[in-house]
Amino acid sequence: MTPPRCILFAGVGGQGVLSAARILGEAAHHSGIAVAVSQLHGMSQRGGAVQATVLIGASERLHPGGAPVDVLVGLELIESLRAAHRLDKGSVALVSRWLLPPRGFGGVPAPEQVLAELRARAGTVIEVDAPSLADRAGSRAAVNSVMLGALSRLASLPFGPDEILAAMRGGAGAELSEVNRRAFALGAQAAPEAGDRSRSIALPSARAGKTRSP
Amino acid sequence: MHRLLSEETGRRELLLGNEAVVRGAIEARVRLVCGYPGTPASEIGDTFHELHRELGVDFEYSVNEKVALELAFGAALTGARCLVAMKHLGLNYGADPLSTMPYTGVVGGMVIVSAADPGCLTSPNEQDQRYLARMLGLPTLDPANPEEARRMTVFAFELSEACELPVLLRMTTRVCHTRAPVELGAVCTPRPKPTFRRDPARFLPTPNHARELRERLERRLEKAAAMLAGSGFDRRLRPGRARHGILAAGCPRNAVRDSLSRAGADVPLLEIGGVHPFPEEAMAQLLRDSEEVLVVEELSPFLEDTLRAVANQQGLRVAIRGKRDGAMPLPFELEPEVVEARLRRFLGLADESANRAEPLEAPERPPVLCPGCPHRNTFHAATAVFGERTVYVNDIGCYTLGANPPHGAGDVLLAMGSSLPIAAGIARSTGERVVAFIGDSTFFHSGMPALLDALDRRDDIVVVVMDNRVTAMTGLQPSPTSGRESRIAGVARALGAPSVEVVKASELPELIRAFSRARSANHPCVVVVEGPCALLHARSEPPAPPPRIDPTRCHTCGMIEAGLSCGLEPSVEVQRRVAEQRAAHPAPELAAPSISPCSLACPLGICVPAYVGAVAAGDPGRALQAVTLRAALPSVCSHLCHRPCEDSCVRAPPDRPVAVNALKRYLTERHLSADRTCVGAPPRENPPATPRVDSARTSPQKGDEPSFGPHGTTSDASSRAGRPARNGSSPASTGVAVIGAGPAGLAAARELVRRGRAATIFDARQAAGGMLEHAVPEYRLPREVLRRDVASVLAEGVRFEPGVCLGRDVTLESLRRKGFQAILLALGAQRALGLSIPGAGLAGVQDALAFLSAPGRILGEHVVVLGGGDVAVDLARVALRGGAASAALAFPEPEGEMAAAPDAVAQARAEGVRLLPGRIAAALEGTDAVRAVALSRVIGFERGGGGVHWQRLEPAERLAVTRIFFAVGQRLDIEGLQLPSELVTSTGWLAADECGRTAWADVFAAGDAVSGPSTVTQAMAFAVRAAWAIDAFLAQGGHVSPPSAPPLRPRPPRRVANGGPRGEPLDSLAAAAEASRCYLCGMCGNCRSCVELLGCPAIARGEDGRPRIIGESCNACGACVQACPSQAIGAGA
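Taken in sequence, the protein lines are chains A and B. Plus 51 on top of the position in the first sequence (first one is 1) and you've got the numbering used here. Plus 1301 on top of the position in the second sequence (first one is 1) and you've got the numbering used here.
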């Protein structure tokens, strides 16, 4: 059995880590692919570190475990660094150039230091200036939409941007906000320029009827 | 339509485990849902809260779990189906009623969801409720994934009704918070209308009924076991015998199935979803089929031990592996890789697990109170008032985060509502006031009985109830104060609280004042702090612009601008004291001047708030650092300073100024050791930091560009530790020659050494100290104090050559020839002026200084001192101490205008010195020795001709005397010094500017020899300025003409005093109390109170050390505007 593909979202509480992971999970689910989205929260609204994992093509497991991930979607640089040990040469790190210094007075690494660390570990590192793009789209809160847009173009996910957009819309009849739509598009535009080196993610032949399409 | 309400049976939705439970309950037609929010179970209640109207379900967030369980039980007695949701700990709270429910049993299905937290992700423990379930007699289901959670929920209702028992659905965090596909099932047929049917033998478990019910419980559990066996939740896979068998239960079943299929291992596997009653027969069969069984379960070896009991009962000898023998890890969640590795080891397969990379070092990001949380102020204020020595007991909620830095307001945490009784217990046994924090929801959950108890016992506690109108931590569920008038203060008053204050969290000063009042009360105090959760309105209001920091006020200190930083990072405790003072004294005149008036008044530029604040904070070491950085002779200062600081204190009359000098004396007498280190300070967790100043800001690059004035002082002070002073290696005859070892010479030499210059002091006398040594009376300055200060100056590397007299042993030229690059003349004014009146040559007429330097026999004599200055007063008092029969002062001024310090005059008068104001000696009478003095009355004066001409009457008084002292002034003793005329003024003083520069570039002069008689502090300050000038001169290579004068000018003294209080120095308690009176005026260049005290996540310390506001995190709550002690933060534009 092919092991599930693991996409790790890392960020700071309030950045929309959990909703980004959920949207990706919904996109997989509506594409008929088995999926499990593991989100450990509780402190997420208190500005703490938040991670969520999407296991696409999940077999039985719910727990993402600690093995290297296929894709790290880092919404913030220090949180990307915290997750960097989950990267190996088969991993793609898709990171937002946004550094939110933790409160207090500890040494905060420079963005370039973080990126160098990620480059040393991941096969491919793709930077996205997500905060600027989100601002351009109309709200800093749309950073997660930017990153989903970038992710949608990153590699051969078993579903395309349309499925992700549909999941963002949240169901038939619902409207996607203009800000999020723009943010997604800007993210998708930004990614290919940097994303050429990314390896393609080979997913298990997941459409094999294990799950039912909506 | 909400997707959980879909009637499309068979449709698959991606649902959280908690949502799957909701769907299961909907399919079972649940009628009443209640519970108390608690991660990881909160979404169950939240979803019903959202949907209950549409569903027609009776829903409530109950006040606590016990109430919820009892409410549901009541409904279940009528046949209604009920669901109660809580986290694992909530089950303990409801365990009392729950323990009897299995005896009475229920009629309608009653399902209790209790979510465990393996790994303690959001809980203080990871208690395994399976033991509780077995103890109470609750059938228990343990789902492995969301789909199973839905099916088990539906089944649990059926099981509960069939065996008349409440059923526990024990979830774990992983299942609760994973989204996975769930197949929607059909909603069951409508249920009969609930009615209550009397059955006292069942519902009244009085002892006579209880015995029968006890037996009935066993029959119910037997029935439950049978139903579970047929439920399909316990599954035996791969029947038949094999060497290895596996028993897996709960959530790890996923990882076991996954690992076995990846390993291609086909072994007997018993999966258990119904953990109580356990499937005894299936377990026995697994034992019979295997030689060795591995038990995989989370938290405790619950089923492992059960399996051993089954083996024992069945007489089966099978090796049972698991947590007991280390085959599986004991605590925490089982990660799939761990399960796989342990399974492979058990099965004898090669270990394929990859080496895990260690996490990289990344700055910690602990959860913090949200930006804009109103209760950041509550912790800021509480810690400012109660300080770090108070014990804080915290409780369960967002405010637990107050225990994190920077507030550290949480020493103990236990369970819901525990803070009050724990605080009371600590207070009763220590006798100290303890602070208990509790939130609104927790207060009603279980704080009320605790408050009643504490009030009845008058416990010495301060109860801080933070009312944010919501149960915030678990996701903004309503609390008993949501959307209505808060009843907390009313409850506290009704319970009999003697003091209940209600304060708005947004009013920081009022909050601090309320806590101050609570601190000083001697009965239990309740402070209700109202501030609605910032998340409640965060999304509804348009974002306001973030506040702006005014760089001219933030991190700015006028002292630093003058290069006179205290050199100290202010301690958190000092910053807290500042916060409390600002709240207590919000008067506009205290609006944070850049320099406190007392520091500005101090000739030496000592930062008074820095050390007074440190004394108030109980940190004498830090205080001494601030004092000794500026004062070369700190003990001398504490005895002799004229105290302009106190004169300038904003606590002016009718209030009493802060006794700054007494505090300095407390420090030097109680804590200053000979080597300038602090002794006898209370132990501290963090030793005071060494002086540190951002050298880039305060110190120009010496050598590159000529600099002048005070700059660089502090950076040099900090460099002392790391770099030996230049004089350490240079020959003694280079550097600076200082002539005169009085206070000016000592202060200048020490300053030069601290700036890396070599300094050698020459003095004609054998002992250093100058006038301090030979003219100031012992009672004003004990010589031991002087010698201690002198020794520590010399210990810093100042050379002292005694017995060397200028003009006799050395000259300016000879010093130059010896290689001294600069010479400082600190000669003092040591020659007393005489009076040209008849009889001045009689025996018994003496100059005051000569007598003070070597007091002769004076027993029984009648003494008159001519003069009204400090020396005159000193002399009169010395004369009385020496046994004089009488001592009087005659001086021309009115009494209130005497030159001497008023307090010394008052003391002299108290000692018996007679004052004769408005008199001038006209003649001294006698043959050989003086016998009388003729005094004229002064009737006026006019200025002119460089002096004062007193208009006087003819002599009207004759006083019989045996001794007359002249104390009418001093002058420089210039004879024999061989000084060139251009260095001397026409009136006989040395000619120098206020920085000591003379007509000769390499010769400097400072102290009384230039300024005329002044105070010891002024003389030292003058000398320090001269040292700066010399340093600047030497930095320019010793041949560039000095630049223009620096801005710092000597301030004319306004004499308040000529010495500190006599008697014993203050003790530490009295010192702290006095220091606490200080308003700690002024802005602080090292202040970081917004970062260190307020702890807002939207404020960070930039690379330059200054705070900056992170616009995207800030929600413009304005807390920092109020909290900034420098009033540097203002509303955004």
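Source of the hints: derived by calculation from the structure; they are not laboratory data. All C-beta atoms, glycine included, are put in the ideal place defined by N, C-alpha and C. Misleading hints may appear alongside valid ones.
[Claimed, not checked] Derived, one-sided and incomplete: chain B residues facing chain A with beta-carbon distance under 10 Å:
hint, residue
1, V1639
2, R1952
3, P1955
[Claimed, not checked] Listed next, the stretches of chain B that the computed footprint assigns to chain A, with coverage defined by at least 3 CB atoms under 8 Å from CB atoms of chain A:
hint, region
4, 1553 to 1559
5, 1668 to 1675
task: Mind taking a look at whether chain A covers the region 1668 to 1675 of chain B? Criterion is 3 or more residues with CB to CB distance under 8 Å.
output: holds (count 5)
- request: Grab the minimum C-beta distance from R1952(B) to chain A and call the hint holds if it beats 10 Å, violated otherwise.
  value: 34 Å, violated
query: Can the region 1553 to 1559 of chain B be counted as covered by chain A under the rule of three residues or more with Cβ-Cβ separation shorter than 8 Å?
result: holds (count 4)
- prompt: Holds or violated: P1955(B) as interface residue toward chain A, Cβ cutoff 10 Å?
  reply: 43 Å, violated
query: Given V1639(B) as an interface hint, is the shortest Cβ-Cβ distance to chain A below 10 Å?
result: This interface hint holds because 8 Å falls under the 10 Å limit.
Taken one by one, the earlier hints fail for this structure at numbers 2 and 3, listed in ascending order.
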